[in-house]
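Asker: Given the coordinates of chain A, work out where chain B should sit on it, guided by the hints.
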Amino acid sequence: DSGVTQTPKHLITATGQRVTLRCSPRSGDLSVYWYQQSLDQGLQFLIQYYNGEERAKGNILERFSAQQFPDLHSELNLSSLELGDSALYFCASSVGRGGELFFGEGSRLTVL
Amino acid sequence: AQSVTQLGSHLSVSEGALVLLRCNYSSSVPPYLFWYVQYPNQGLQLLLKYTTGATLVKGINGFEAEFKKSETSFHLTKPSAHMSDAAEYFCAVSGSGTNAGKSTFGDGTTLTVKP
Numbered sequence: 019d020s021g022v023t024q025t026p027k028h029l030i031t032a033t034g035q036r037v038t039l040r041c042s043p044r045s046g047d048l049s050v051y052w053y054q055q056s057l058d059q060g061l062q063f064l065i066q067y068y069n070g071e072e073r074a075k076g077n078i079l080e081r082f083s084a085q086q087f088p089d090l091h092s093e094l095n096l097s098s099l100e101l102g103d104s105a106l107y108f109c110a111s112s113v114g115r116g117g118e119l120f121f122g123e124g125s126r127l128t129v130l
Numbered sequence: 009a010q011s012v013t014q015l016g017s018h019l020s021v022s023e024g025a026l027v028l029l030r031c032n033y034s035s036s037v038p039p040y041l042f043w044y045v046q047y048p049n050q051g052l053q054l055l056l057k058y059t060t061g062a063t064l065v066k067g068i069n070g071f072e073a074e075f076k077k078s079e080t081s082f083h084l085t086k087p088s089a090h091m092s093d094a095a096e097y098f099c100a101v102s103g104s105g106t107n108a109g110k111s112t113f114g115d116g117t118t119l120t121v122k123p
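Sequences listed follow chains A and B, in order.
Residue numbers for the first sequence follow the numbering used here, beginning at 19 and rising by one.
Residue numbers for the second sequence follow the numbering used here, beginning at 9 and rising by one.
Chain A extracted, bound-state conformation (with noise of 0.2 Å):
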């Protein structure tokens, strides 16, 4: 168990739609990291954010969006979403702006 939470853990939903994914990070961990990872894309990192600022932005489209909350846990909004959307989502944190990170277990999510 890394510590990291995230939710939900499977997501079944249609194109167009908009879900939230969110992620809590282990306890004392200020920051948290996105990445979504695809059979064809691999582990591509999306969006950091570090004790409630956005640090350093990836691959992640416009149609995506993000924040950590004060109580530092996040959330990983995808709207208008297409097929090729279907990936896993997943959170990681670590204690300061680099360094190991501590992944959770991701959510999967299904466009269809």
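Everything labelled a hint here was simulated from the structure, so no lab data went into it.
As the structure is a prediction and not an experimental result, all values here were calculated from the model.
Misleading hints may appear alongside valid ones.
[What the hints assert, rightly or not] Among the chain A residues that face chain B by a calculated CB cut under 10 Å, a handful are:
hint, residue
1, Tyr-51
2, Phe-82
3, Leu-106
4, Gly-122
5, Glu-123
Ideal Cβ placement from N, Cα and C applies to all residues, glycine included.
Answerer: Structure of chain B alone, referenced to chain A:
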């Protein structure tokens, strides 16, 4: 800028054989280097990490890796493969100190262990 290249997307070894997973990195600053393992339907978990100090790093499950600055490599080895080692392995690099930030991952290498 930083990047990671893992040589070979698949590796198949026999049980008891040497495991060698190759990783080369590029980084404009002194790097932190990591190996993660992902078992089916699970998240990634840390196998080992290099930050500073000794260049030979020992991790969990009998794995170790050696940081070679001159070769910009951080290859992962295990002397004797076990069936339970079958998984996907990811090498990652991040900046250190004031350059700390997001980790960049390689494309992963899937290890198959044959009985």
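Asker: Each hint: holds or not?
Answerer: Verification of the supplied hints:
| no. | hint | result |
| --- | --- | --- |
| 1 | Tyr-51 | holds, 6 Å |
| 2 | Phe-82 | violated, 16 Å |
| 3 | Leu-106 | holds, 9 Å |
| 4 | Gly-122 | holds, 5 Å |
| 5 | Glu-123 | holds, 5 Å |
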